[in-house]
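Participant: Sequence:
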Amino acid sequence: MEGTSANEELFDHLVRCETRIYNALTEGLKAGHGIGAAQFEFLQYLGRHPQSRVADLAVNFAVGIGATSKGVDRLEARGWVRRVPNPEDRRSSLVELTPAGRELTEAMEQTFREQLDVLIGSVVGEDRAAAVIAVLAELRGVLEERGVGLPAG
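Counting from 1, position 141 in the sequence shown corresponds to residue 141 in full-length UniProt numbering; the numbering is continuous, with no gaps.
If you're looking for bench data, these hints aren't it; they were derived computationally from the structure.
Among these hints, one or two may not hold up.
Straight-line alpha carbon distances no greater than 25 Å define the calculated SDA-like cross-link-like pairs of lysine to any residue that follow [claimed, not checked]:
#, residue 1, residue 2
1, 30, 16
2, 30, 99
3, 70, 26
If you're wondering where the values come from, they're calculated on a predicted model, not measured in any experiment.
Turn these sequences into a full structure, and let the hints steer you where they fit.
Facilitator: Encoded structure:
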């Protein structure tokens, strides 16, 4: 694009691709399982990190604590997660998948992978994906190390 820097162009492509992929994933997950990508990501994270605090989810997804807690409340209301007392800190609780939540997450992971294969894999391919992953992982690591982009609340 004429008159824009490489960083501006990269930003534009990153944001537009992320938005389109995320929207398509949400649509496919809702059609197949009744919930979208944001709720699936919470479930998947909890499956990989049992007994996490709400704050752990908030930091990982760079979302405010209040919004994260409300998201966990919605999952809890549907019987997919439960809060248990934190033995190390009585002021907080830990969040874990219920058996129903684990079953749903496992079913959704297959749909998720199939959609990623179509949306990303069919265009990028494994060879080029490795290069993109390396660059984005480094960028993400630096941003996380510096605490960049975390919501205030």
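Participant: Decide, hint by hint, whether the structure agrees.
Facilitator: Each hint tested on the structure:
1. 30 - 16: Holds. Residue 30 to residue 16 sits at ~21 Å (cutoff 25 Å).
2. 30 - 99: This hinted pair holds, its Cα atoms lying about 20 Å apart.
3. 70 - 26: The hint holds at about 19 Å.
Of the numbered hints given earlier, the model fails none.
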